[in-house]
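**Q** One line per chain: the protein sequences are L and B, in this order. To convert, note that position 261 of the first sequence is 268 in the numbering used here; the numbers rise steadily by one, no gaps. To convert, note that position 314 of the second sequence is 321 in the numbering used here; the numbers rise steadily by one, no gaps.
Read the hints as simulated data drawn from the structure, not as lab findings. One should not assume that every hint holds.
Intra- or inter-copy, both count: the list cannot distinguish identical chains.
[Stated by the list, open to error] Here are the simulated EDC-like cross-link-like pairs (lysine to aspartate or glutamate), alpha carbons at most 16 Å apart as the crow flies:
no.	residue 1	residue 2
1	Lys32	Asp86
2	Lys343	Glu148
3	Lys184	Asp102
4	Lys184	Asp104
5	Lys310	Asp232
6	Lys310	Glu153
7	Lys310	Asp157
8	Lys184	Glu98
9	Lys184	Glu100
There are 2 protein chains.
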Amino acid sequence: MHIVITGGAGFLGALLARTLLKQGKLALNGASPAAITRITVLDRAAPPADLASDPRVVCVVGDLNALLQSQQAVPADADVVFHLAAAVSAECEADFDLGMRSNLAATHQLLEACRSLHTASGKALHFVFASSLAVFGNSPEQPLPEVITDTTLPTPQGSYGIQKFIGEQLVADYARKGFVQGRTVRLMTVSVRPGLPNGAASGFFSGMFREPLAGVRARVPVGRDLPVAIASPARTVEGILRAAEVDAATWGARTAVNLPAFHTTVGGMADALENVAGSAVSALLDWAPDPAIERLVRSWPGKFDAARAHGLGLKSDSSVEDILRQYIAENPQAIKNAV
Amino acid sequence: MHIVITGGAGFLGALLARTLLKQGKLALNGASPAAITRITVLDRAAPPADLASDPRVVCVVGDLNALLQSQQAVPADADVVFHLAAAVSAECEADFDLGMRSNLAATHQLLEACRSLHTASGKALHFVFASSLAVFGNSPEQPLPEVITDTTLPTPQGSYGIQKFIGEQLVADYARKGFVQGRTVRLMTVSVRPGLPNGAASGFFSGMFREPLAGVRARVPVGRDLPVAIASPARTVEGILRAAEVDAATWGARTAVNLPAFHTTVGGMADALENVAGSAVSALLDWAPDPAIERLVRSWPGKFDAARAHGLGLKSDSSVEDILRQYIAENPQAIKNAV
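Throw the hints in and build the complete structure from the sequences for me.
**A** The following block contains the structure:
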C-alpha cells in the first residue's frame with residue numbers, strides 16, 4: 008500500500024507517518040490490513056530524520072501548489088491521501104491570498120489530481136481531509152448553540168474556517184461523484200504540540216504547557232474562562248486513521264465528523280499544569296489578553312457532542328493531566344525540570 | 008447608481024433589470040433611494056430588445072469567466088453587483104468541469120474583481136448572490152429534517168448545490184473581510200418561467216404550466232406526491248432586491264436567507280392548472296417519471312420555515328392559482344386558448 012501525506016513533515020503529519028510505519032500495515036475502507044510499502048511525505052520542509060531515513064519513506068520537498076502544478080503530488084500507484092497541509096488560522100487572517108491558495112486552491116487541485124487518476128485508471132483513491140473545529144464560529148448576529156453536534160450549521164468567523172469548510176464541500180462532492188472515497192474529520196484543539204510555535208491563533212493552547220515545562224515563560228492571550236475542546240496528538244491521529252479504516256456504510260454521511268474532545272477551560276488547563284508539574288511551573292504563565300487572538304479563538308466553540316465519532320469507536324482523552332503526562336513521557340528532552 | 012447584473016439576459020436577470028429600470032431608483036443598504044443611471048448586463052446571450060434599447064443599459068456579451076479574465080466584468084464606477092449567472096443543475100451533474108468553472112470559479116473571480124476595486128478605492132460594492140434551495144439535499148445517510156429553517160445544515164446532493172453553497176461561503180468571507188457588502192438569498196423553485204426550457208432538472212416545474220397553456224403537451228418526470236416550494240418570478244425578484252435594500256443590521260447574519268415559498272406538491276400544481284385553465288389544458292400533461300431527474304429533484308426539500316425572510320418583510324405567493332394567473336396576464340402571447 009502506498010500512502011501520501013501532505014504536510015507530512017509537520018508535527019501531526021510526522022506523527023501520523025510514524026504511527027503508520029510502526030504498525031506497518033493499514034486496513035483501508037473495511038478491508039483486511041495490507042502492508043505499507045511506501046509513504047510519500049509532501050511538505051515545504053524536509054521531514055524529521057527518523058522519517059527521512061526510513062526506506063519506506065519518499066520525501067518530496069516543495070510548495071504543495073507547485074507540486075500539484077507539476078503533477079508531482081499524487082503518484083499513480085497511490086492508494087490513500089491524507090491531506091493535512093494547510094496555512095494556519097492567524098496566517099490566513101493576516102494574508103487572505105495565502106489562505107485561498109494554500110487551503111482552498113491546493114485542496115481543490117489535490118482532489119483534481121486524484122480525479123485524474125480515477126479518469127485514467129478507474130481507481131478511486133481514499134482521501135482523508137483534516138478539517139477543523141474552526142469551521143464553527145460564534146458571532147453576535149448568529150450565536151452558536153451551546154453544544155455543537157455533527158449537524159450544526161458551520162458559520163465560520165475566519166478565512167481559515169471558511170476555506171476548511173469549502174474543502175469539506177469539495178471532498179463531499181468528489182466522493183459523491185465517485186472520483187475519490189472521501190472522508191473529512193474535524194480536528195479539535197490539538198495539545199500539546201511539541202517543537203516551535205506556529206502561526207496559529209490557537210498556538211498558545213500548546214505553548215502554555217510546552218514553554219513552562221521547558222522552563223520558559225509563556226503568554227496566555229485569553230481569559231481563564233475561555234472554553235476549549237482539547238485532544239491529544241495521539242487521539243487526533245487515531246481519529247484521522249479511523250477515517251481511512253472504516254467502511255463506507257459505517258462512515259455514513261459525507262459530511263464531516265467532529266472528533267471527540269475533552270472539554271475544559273483555559274483556567275482548567277492551567278490548573279492541570281499546576282497539578283502535574285507544580286506551582287513553580289504554572290507560575291511561568293503570563294496572563295496577558297491579546298484582543299485579536301481572543302476574538303478569533305473565542306468565536307470557536309468549546310463544547311461538542313461527537314456522536315458520530317463515538318459511533319466509530321473513537322474516544323476523547325480522559326483528562327488534561329493525562330494529556331500532559333503523555334507529552335512529558337514522549338518528549339523528555341523538552342522538559343527542564345523533572346516533574 | 009451603476010448596477011451590474013450577471014446573467015442579466017436570462018429570464019430572472021432580465022426581469023430584475025426591467026424591475027429596476029421601471030422603478031428608476033434603488034435604496035441601497037438602508038440609504039435613501041438613488042437614481043439608477045446605468046445597468047450593465049453581463050451575459051453569454053444578447054439581452055432582450057427592450058433592455059438593449061434602453062439608454063441606461065450597457066450590454067456586455069461574453070462568457071463570464073472570459074470577461075473576468077480580461078477585467079471587463081466589474082466597471083470601476085459600479086455600486087452593486089447582482090450575481091445571477093450560473094450553469095444549471097442538470098448541466099452541472101452532466102459536466103462537472105462546466106459547473107466548477109461557471110459556478111465556483113466565476114463566483115470567486117467576480118468577488119476578486121470587487122476586492123480589487125476595494126483595494127484600489129476603498130469602496131466595498133454591494134454584492135447580492137443568488138443561491139438556491141438545491142444547497143439542501145436529502146440522502147439515505149443523512150435525511151433532511153421535515154422543515155428546513157435558516158440554520159439547517161445544507162448537505163447538497165448535486166454538484167450545483169455544492170457549488171452554490173461554496174459560493175455562499177465565499178460571499179460571507181469577502182463580506183466579513185469588508186471587501187464587499189455581501190448578501191446571499193436562496194431562491195426557491197421559480198415558476199412560471201416563460202420562454203424555452205433550460206437544462207435545469209427543475210425545468211418541468213415551469214414546463215408543466217407553460218407548455219399546456221401554449222397548447223403543447225408537457226412531460227411531468229416525477230410523481231404527483233413530490234413536495235415543492237414554489238415562488239413566482241415577481242416574488243423572487245422582490246427577494247433579490249430586498250437583499251440589496253436593507254441595511255446590515257436588519258440583514259443580520261452573513262449566512263444565506265431562504266426566500267419565502269408557497270408549499271404544494273406537483274399534484275397540487277396540476278390541480279391548479281386545471282382550476283385556472285380547465286381540464287382540456289391539464290390533460291396535456293404526460294405523467295412519465297424520469298428516474299435521473301426524479302432522484303435529483305426529490306433530494307431537494309419541499310418545506311421551509313423562512314423566518315429571516317419574513318423578518319425582512321418578504322412574503323410567499325398566496326396560491327398556485329395566483330402564480331398561474333400572474334403568468335397568463337403577463338404573457339398573453341404565450342397562451343393558446345383564452346383561459
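**Q** So, for every hint listed, does it hold in this structure?
**A** Hint check:
1. With identical chains, the CA atoms of Lys32 and Asp86 are at most 16 Å apart within one copy only, with a shortest distance of 13 Å there and 59 Å across copies.
2. For a Cα distance limit of 16 Å, the shortest separation of Lys343 from Glu148 qualifies neither inside one copy, at 46 Å, nor across copies, at 50 Å.
3. For the homomeric pair Lys184 and Asp102, the shortest alpha-carbon distance between copies (11 Å) is at most 16 Å, but the shortest distance inside one copy (33 Å) is not.
4. Proximity of Lys184 to Asp104 under the C-alpha cut-off of 16 Å is restricted to the inter-copy arrangement: shortest distance 12 Å between copies versus 29 Å within a copy.
5. Taking CA atoms no more than 16 Å apart as the test, Lys310 paired with Asp232 passes inside one copy only; the shortest distance there is 13 Å, against 41 Å between copies.
6. Taking the shortest alpha-carbon separations for Lys310 and Glu153, only the intra-copy value of 7 Å comes in at or below 16 Å, while the best inter-copy value is 27 Å.
7. For the homomeric pair Lys310 and Asp157, the shortest alpha-carbon distance inside one copy (12 Å) is at most 16 Å, but the shortest distance between copies (22 Å) is not.
8. When the C-alpha separation of Lys184 and Glu98 is checked against a cutoff of 16 Å, the pair qualifies only between copies, where the shortest distance is 14 Å, while the shortest distance within a copy is 33 Å.
9. In this homomeric assembly, Lys184 and Glu100 come within 16 Å of each other (Cα to Cα) only across copies, at 9 Å, whereas the closest approach inside a single copy is 32 Å.
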